[in-house]
Amino acid sequence: MNAECKKERKSSRVKLLVFLLLLIFLLLGIVIGVNLMRGKKYDNSKTDAHISTEKAGGGVELVIDPNAEKSLPIENDNILEQGVVITGRESLTFSANTKEESVDFINPEENAQLYYLTFELRLYNSNGRDYEVLYTSGLVEPGKRINRITLSRELEKGVYEAVVHVQPYRMNKEKTLTNNVDMRIKLFVN
Amino acid sequence: MKKLFSVILVVCFALSSPIISLAAGETITQDSQENSGNITVNYNAGVTYTVTIPASVTFSDTEKEVERSLQVSNVVLNEGSTLNVNVASLNNFKMMYGEGYIDYHLMVNYNDVLKDNNHTILSVLAGENTGWAVLKFATDLQKDHVLYTGNYTDTLTFTVSID
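Protein sequences appear in the order of chains V and A. Quick note on numbering: the first sequence equals residues 1 to 190 in this note's numbering. Quick note on numbering: the second sequence equals residues 1 to 163 in this note's numbering.
Please note that a few of the clues may not be correct.
[Said to hold, decoys possible] Calculated pairs, DMTMM-like style, for lysine to aspartate or glutamate (alpha carbon to alpha carbon, straight line, at most 20 Å):
id: 1; chain 1: V; residue 1: Lys186; chain 2: V; residue 2: Glu100
id: 2; chain 1: V; residue 1: Lys175; chain 2: A; residue 2: Asp154
id: 3; chain 1: V; residue 1: Lys186; chain 2: A; residue 2: Asp163
id: 4; chain 1: A; residue 1: Lys94; chain 2: A; residue 2: Asp140
id: 5; chain 1: A; residue 1: Lys136; chain 2: A; residue 2: Asp163
id: 6; chain 1: V; residue 1: Lys186; chain 2: A; residue 2: Glu79
[Said to hold, decoys possible] Far from chain A by the CB rule (all over 10 Å, computed), these chain V residues:
id: 7; residue: Lys7
id: 8; residue: Arg13
id: 9; residue: Lys15
id: 10; residue: Leu22
id: 11; residue: Gly29
id: 12; residue: Ile32
id: 13; residue: Ile86
id: 14; residue: Pro108
id: 15; residue: Ala112
id: 16; residue: Tyr115
id: 17; residue: Ser126
id: 18; residue: Pro142
id: 19; residue: Thr150
id: 20; residue: Asn179
id: 21; residue: Asn180
id: 22; residue: Asp182
No wet-lab data here; the hints were simulated from the structure. The structure presented is a predicted model; accordingly, all values stated were derived computationally and were not measured. C-beta atoms are modelled at their ideal positions from N, C-alpha and C, and glycine is treated no differently.
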């Protein structure tokens, strides 16, 4: 019984092997056939008369031009442009009768490689149109902040209507001006 | 073959038993002396916000409409306050070069067409963390008032106030 079973298994293995071999031969045949057809097509293109936009090299060996540079995408401001990120506060608190003050004027990391920011602290007159500049910063790089400033004059105690005018500049050679932000704040002087 | 399979099964069960017992809700207690105390944690959340404005807009003969967004995020306001953003054009919605100019207009959220200054274009109420508006700039590039070749520009000022 056991010997018969073994025999049966052996014969089924042989059948499987034969089947696999046949399958491999079939696949090989298909691959060779396809390659032959391709080669024939290529030969036809050499000999047959046909119209083509391609032009032969005229017998000259063509080589890659080493002076050719990688092409950059055409600069389109409207596609590439990222907005200017500015952080704001509602108020600032200063001390009376001193010019040295603490502030927190930040150019966020989000503006990296894109925009410098400048900060101007303006004190508005009662008419709401005219203003006095108390402080102007230089260009602040992205990721940096200004914590200490010197005012143009000392202030008396009171609450003032002020504006922090934030002017961004592109980080290019020309340092081009962009749109800007006025942050209206309350200036508490104690 | 069967033997091998049963050995693998036994090993698998043996390895998984600690995982099963943990998942069944074994309580892990900290073996330390109990101490108690109070700590007061304070954080004074001042009024802050982040505004993202369009840096500029460029028109061309093929691109007469440009869409941008104005975004306000990380908004922390006093209860009952509103953050408002107004927009004003330096040249009253004209791109200028010398005395020559080209008109353009601004649509906010596809609705209002702004032709003059100081319109509120975005409001964020206290309790809302973010807000945004779609700004659509458009021009027909009427060149009646174009005197010279050059770069015709305008500058927008976005004024943020908390009312």
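Honestly, which of those hints from before does the structure not fit?
-> 5, 13, 14, 16, 20, 21, 22
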